[in-house]
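Trainee: Spelled out, the chains give:
Number of protein chains: 2
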Amino acid sequence: MDYFYAKPKDIRNRIAAQEITGPTAGMCAGYAQANLVILPKKYAYDFLLFTQRNPRSCPLLEVGDMGDPFLKTMAPGCDITKEIPKYRIYKNGELQGEYSEISSFWREDLVSFLIGCSFSFEAEMLETGIPVRHIEEKCNVPMYKTNIPCQSAGVFRGNMVVSMRPIPYQQVSKAVMVTGAMPRVHGAPVHIGAPEQIGISDLDRPDFGDMVTIRPGEVPVFWPCGVTPQNVIMESKPDFCITHAPGHMLITDVRNIELKYGSD
Amino acid sequence: MDYFYAKPKDIRNRIAAQEITGPTAGMCAGYAQANLVILPKKYAYDFLLFTQRNPRSCPLLEVGDMGDPFLKTMAPGCDITKEIPKYRIYKNGELQGEYSEISSFWREDLVSFLIGCSFSFEAEMLETGIPVRHIEEKCNVPMYKTNIPCQSAGVFRGNMVVSMRPIPYQQVSKAVMVTGAMPRVHGAPVHIGAPEQIGISDLDRPDFGDMVTIRPGEVPVFWPCGVTPQNVIMESKPDFCITHAPGHMLITDVRNIELKYGSD
Numbered sequence: 001m002d003y004f005y006a007k008p009k010d011i012r013n014r015i016a017a018q019e020i021t022g023p024t025a026g027m028c029a030g031y032a033q034a035n036l037v038i039l040p041k042k043y044a045y046d047f048l049l050f051t052q053r054n055p056r057s058c059p060l061l062e063v064g065d066m067g068d069p070f071l072k073t074m075a076p077g078c079d080i081t082k083e084i085p086k087y088r089i090y091k092n093g094e095l096q097g098e099y100s101e102i103s104s105f106w107r108e109d110l111v112s113f114l115i116g117c118s119f120s121f122e123a124e125m126l127e128t129g130i131p132v133r134h135i136e137e138k139c140n141v142p143m144y145k146t147n148i149p150c151q152s153a154g155v156f157r158g159n160m161v162v163s164m165r166p167i168p169y170q171q172v173s174k175a176v177m178v179t180g181a182m183p184r185v186h187g188a189p190v191h192i193g194a195p196e197q198i199g200i201s202d203l204d205r206p207d208f209g210d211m212v213t214i215r216p217g218e219v220p221v222f223w224p225c226g227v228t229p230q231n232v233i234m235e236s237k238p239d240f241c242i243t244h245a246p247g248h249m250l251i252t253d254v255r256n257i258e259l260k261y262g263s264d
Numbered sequence: 265m266d267y268f269y270a271k272p273k274d275i276r277n278r279i280a281a282q283e284i285t286g287p288t289a290g291m292c293a294g295y296a297q298a299n300l301v302i303l304p305k306k307y308a309y310d311f312l313l314f315t316q317r318n319p320r321s322c323p324l325l326e327v328g329d330m331g332d333p334f335l336k337t338m339a340p341g342c343d344i345t346k347e348i349p350k351y352r353i354y355k356n357g358e359l360q361g362e363y364s365e366i367s368s369f370w371r372e373d374l375v376s377f378l379i380g381c382s383f384s385f386e387a388e389m390l391e392t393g394i395p396v397r398h399i400e401e402k403c404n405v406p407m408y409k410t411n412i413p414c415q416s417a418g419v420f421r422g423n424m425v426v427s428m429r430p431i432p433y434q435q436v437s438k439a440v441m442v443t444g445a446m447p448r449v450h451g452a453p454v455h456i457g458a459p460e461q462i463g464i465s466d467l468d469r470p471d472f473g474d475m476v477t478i479r480p481g482e483v484p485v486f487w488p489c490g491v492t493p494q495n496v497i498m499e500s501k502p503d504f505c506i507t508h509a510p511g512h513m514l515i516t517d518v519r520n521i522e523l524k525y526g527s528d
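These protein sequences, in sequence, are chains A and B.
In terms of my numbering, the first sequence is numbered consecutively and its last residue is 264.
In terms of my numbering, the second sequence is numbered consecutively and its last residue is 528.
Quick caveat, the hints were computed from the structure, so don't treat them as lab data.
Ideal Cβ positions, reconstructed from N, Cα and C, are used throughout, including at glycine.
It is possible that part of the hints are untrue.
[Stated by the list, open to error] Under 8 Å between C-beta atoms, here's a sample of chain B residues computed to sit facing chain A:
hint: 1; residue: Leu312
hint: 2; residue: Val327
hint: 3; residue: Gly526
[Claimed, not checked] Distance condition first, Cα-Cα at most 20 Å in a straight line; then the derived PhoX-like pairs of lysine-lysine:
hint: 4; chain 1: B; residue 1: Lys438; chain 2: A; residue 2: Lys41
hint: 5; chain 1: B; residue 1: Lys438; chain 2: A; residue 2: Lys260
hint: 6; chain 1: A; residue 1: Lys237; chain 2: A; residue 2: Lys41
hint: 7; chain 1: B; residue 1: Lys346; chain 2: B; residue 2: Lys271
hint: 8; chain 1: B; residue 1: Lys306; chain 2: A; residue 2: Lys260
hint: 9; chain 1: A; residue 1: Lys174; chain 2: B; residue 2: Lys524
hint: 10; chain 1: B; residue 1: Lys438; chain 2: B; residue 2: Lys305
hint: 11; chain 1: B; residue 1: Lys271; chain 2: A; residue 2: Lys42
The following block holds chain A by itself, in its conformation from the complex:
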C-alpha cells in the first residue's frame, strides 16, 4: 500500500526508470488505470469496432493517432512505450516475450488503444469497506478465460476474460452498486458465484495473475476484464500486437470521478 496515495506522474516516472516493475493494483487511489493494446493501422478499424461492440470488457478511454506514441487525453505527454511496468508482444497470436519497455519496437503504422481497468474502482471498494483480497495479499488479481462470447468485429473474435474478487456475501449488493456506477472501468460484475456457469473449471488455477484466498462466507465475484483483447489476439492472430502484461497497467492522470461525470 506504499503507493496508495501517490500521484500518477511520480509512479509513471519510477516505472520508466524501471524502479517499479510489478502489478499496479493499490497504487494512486482515485485515478483510473488502463489496459493497453497496440496494433498496426490495418487492424485498427476492426479493433475499434470490437471495442464498440463489447463495451463491458473493452470500455475505450483513448485512441492514439497513428505513429504517435504520446498520449493526449488520459495522461498528456505520457510515452506509451515506457510508462507501463511490463509489456507483451504477440506475433500471429503467439506470445513472443515480455519487455520492460517497447520503444525499439515502435513503428509509424502503430495505433494505441487504452481500455479501462477494474483496478480503478478498488479504492472506492476499500473506502466503502469492501475487501480487495489481492491488495491485502500483495499479489496480482486472478483472471480467467470464460465461455462468454464477445461480439465479433472483422477479424477479431473470442471469449471474455474476467477478473475475480472474493466478496463477503453480505457485501455483494454493495459491490455491485459501487462498481456498477463506474461503467468506464468495467462497471458491474458480469457473474456472481458458480464459476462453472461461465466456463471456469478451477478457481485455483487462474489463466492470468495470481490465485487469492477465498474465505468462508465469501463468494467469488467476476468482473469483465481488459485482458479480454489479449485472449482475442491469441485467437484472431493479427501478425503483430503489443499489450501490457496482465495486471501491469497504465496509471492515468484522470480521476475516476472525471470519467463518471465527464470533464468540463
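Keeping the supplied structure of chain A fixed, place chain B upon it in accordance with the hints.
Mentor: The following block gives chain B in isolation, referenced to the frame of chain A:
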C-alpha cells in the same frame, strides 16, 4: 401523441410504407431513438474514432457491417434504407436533397452508424412532470449550431449541435438528473441558459427543426445533439454521406432501460 404507446416495429412499418413522414418525437415511449450516419468505408475509421472522442454528442449505439443495410442489434432485421421517415444525402459537404427512402443509393462500400437521440429521454421527462414543448406544440425540436468544438479525428472536425427544450426554473435540476442518468442518448445538458455563451445569437432562428415557445419562468436548456455529425460532414466534406433528416429518427426495438443497465 397518437403514437406515444405504439410499438417500434409498427411505426417503422408505417414509415416504410410512407404513411408516417414527419418527425418522430413523442412516438413509442420508452424506446430509444437513433440518429443515422452512412459513410463509405474509406471514412469509417476516422468517423468511428470521431464518435469515440465525442461521446456526449455522438454516443454510438450500433455500427453495421460494410455493405449490409440490415441492422442486427438495435432493431434486428430493420432495413436502414427504408425505415426512417426522411433522409438527407450530402456530397462533398453539400446537401443534395431529401429522400423518403434511399435503397437505390445503397452501395457495397457503405457503413451505417447509429447514434443515440435525445428524443429517447423525453418520455421519462414527461413521466416526471417536466414539459416537452415541441411535443406539446406538435413540431420538431429546435436545434442550433454552437461554438463548442468537437475533438477532431482524421478528416472529421467541427462544432457541436445542440437541441433546446425550455424548462421551468424550478425543474432544471430534475431535468439534469433525469437525462444525466441516460448517457447513451446524450445524457445531461451541455448548457443551461445564456445561449450567447455557446454561440447561439437568435433562439428564434434554429439551424435545424422548429422554434418553440419559451414561456415566462422558463430557461432554455441545451443538450448535445446527434445532428452534430451533419454539421461535421458539412465542414469536413467527405465525397458521399447519407444521414437522417434532423428530427426524423430511427425508432429502435431497444428500450432506454436496456441501454441504461445493459442487456443480459
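Trainee: If a hint holds in the structure, say so; if it doesn't, say that too.
Mentor: Hints, one by one, checked against the model:
1. Leu312: 5 Å, holds
2. Val327: 6 Å, holds
3. Gly526: Holds, because the Cβ-Cβ distance from B:Gly526 to chain A comes to roughly 7 Å (cut-off 8 Å).
4. B:Lys438 / A:Lys41: It is violated: about 44 Å lies between the C-alpha atoms, which goes past 20 Å.
5. B:Lys438 / A:Lys260: With Cα atoms ~19 Å apart, B:Lys438 and A:Lys260 stay inside 20 Å; holds.
6. A:Lys237 / A:Lys41: Status holds; Cα separation ~15 Å.
7. B:Lys346 / B:Lys271: 17 Å, holds
8. B:Lys306 / A:Lys260: Not satisfied, since the Cα-Cα distance of roughly 33 Å exceeds 20 Å.
9. A:Lys174 / B:Lys524: Judged against 20 Å, a Cα distance of about 19 Å means the pair holds.
10. B:Lys438 / B:Lys305: 41 Å, violated
11. B:Lys271 / A:Lys42: 41 Å, violated
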